[in-house]
Amino acid sequence: MRNMFAEALYQEATKNSDIYIVVADISPVGNMAKFTSEYPERFINVGVAEQSMIGICAGLALKGCQPFAYTIATFSLYRPFEMVRDDLCYQNLPVTVVGMGAGVIYSDHGGTHHTMEDIAVAGAIPNMQIIAPCDPAEVTEATRWCARQKNGPVYLRLGKAGEPDLTSKADPWMFGKLRRLRKGSDVAILSYGVIAGMAAELADKFTAAGKSVSLYSCHTLKPLDREGIVAALKSHDHVIVIEEHVPQGGLASQTKQLAWDSQAKCRLDTFTLKDEFIHNFGRHTDMLTAHGLSLGQISPQVGLG
Amino acid sequence: MTSISNSFDKRLAKERCLRYRRRILDISQQVSALHIGSSYSCTEIADCFYNALMRTNPDGSSPDTFLMSKGHGCMIQYTILEDHGVLTKADLDGYCKPEGHLGVHPDYGTPGIAAATGSLGHGLGMACGMAVAERRHSNPGRIYTILSDGEVQEGSTWEAVLMASSLKLDNLIAAVDNNDLQSLGRTSVTHPSFYPLGDKFRAFGWEVAEVDGHDSQAIFEAIANRQGGRPFMLVAKTTKGNGVSYMENIPIWHYRSPNKDEYRQAIDELESAR
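Sequence lines, in order, name chains A and B. Start counting the first sequence at 32; every next residue gets the next number (my numbering). Start counting the second sequence at 1497; every next residue gets the next number (my numbering).
If you're looking for bench data, these hints aren't it; they were derived computationally from the structure. Take the hints with a grain of salt, since some may be wrong.
[What the hints assert, rightly or not] Now the stretches of chain B that chain A is said to cover, found in silico as 3 or more residues with beta-carbon under 8 Å:
1. 1579-1587
2. 1648-1657
[What the hints assert, rightly or not] If you want a taste of the chain B side facing chain A, the calculated C-beta under 10 Å gives, among others:
3. M1622
4. A1623
5. I1639
6. G1694
Note that the Cβ used here is the ideal one computed from N, Cα and C, for glycine as well.
With the hints as extra help, turn the sequences into a complete structure.
This is the structure:
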């Protein structure tokens, strides 16, 4: 995802001289090096100073520029939270705050590097928009959209590297709209971000068990496609949400709310990170398993062997 | 083409500052609180920025930007903007009223207000970003900002101080309203190591001048004669509530409005200083 973000941003930045990238001692790889050497005046490394990263982005946007702030998700959203809230959201500035390696991807780095509650935190702020692409191609779509929009601030939640392609046969990407990756009629699986790969594997298992499965990328977490989710709840007997986020304030809790509000009759199962700091220092999949998020743990709970 | 004052009329500056203080005093009678002491503390600095240093385009606009980082001092900014015709008398009469659009802190979207401030430690970071953006232009605008000494205690301010220096933002001109007084007492008592303040900015690579913050001529000359090539910090020694004896250096006048007797005494004192 990082590489695709860098590539997409480079493509946009070559066409739009208002695009700046402000990083905090972490830089996307790939074509970002090319961008840095070709447009050094539009690449700013603030060092380990994230409050300044957001403040500078706000100042740039107040003068008509289209900045991107980029660092590891915890440091792009939590450390400078009040700058994100006051400077970006309160003033409704078109700044993209990129949170790289969100969720528990930095599994072995410990809880200081985990971003488990970012959708709830960012989503609670008025004016903030949130996008969490599910694969590298969606990163390209989302980055392109962020570079061109003037609605206001965006929190762009990214993974790191190695995510599989999930969207080559999907419906077109549209900001604010649930994206159907596979069309079925019995079971619907909603997910977003890196863990959508696990959702796709679960869909495969359902298909192998003879079920007709819809798979959705809920890439835009705010504004949430309420109509799209309600339609999925109403057109499937069984809906499953899988997300790499704590139970409160993410897609799972909002889908439950929508199910209640819309008097949905379907079975609804949600799988999230636990509301718990888990001291596991293994790989990403080990940490997800510690939170109860693995195919082996989810399958029996949704009627699959 | 832009123009800048190449001379400074001390007498006119004094007259303006008295008029601004008087206007703020009048508005104070409409509300229970308006940060009067904080505005009087930086009256001469704001006046000098707006009326002597910021340049004017032929159409009357300015290529330069003023950002009130110490948002609670915005009453002086509102008053100057009214004087410049950017805000109206009706705007100021509506201060902190439900039908008005001017609040205790400057709000983005209000005419003449470059950014929303109020929470301390945000202004200098945004000013850095503005200064970077202005460098795209062949004749870059200058960013003027006033910080309180309170917000110089914020870590975020020092992040921005470091960045402004590293980016060599020579179009950034800041002033610290150094009145040595904050909510719970003297800054020099809470943080003895806060001083010497000028040396700290010098150590971070800024050009620094230290002046009497109520001496308009000294403020103008320090900034007009700066060497340039890096960001500039004016460490201005000021008195909170300057101009009204019973307000000076008394923490409660950070915020409250005078009663009728206090109002009349303040008017007498301001007028006698003419």
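Could you check the structure against the hints above and give me the numbers of any it violates, in ascending order? 1 and 6
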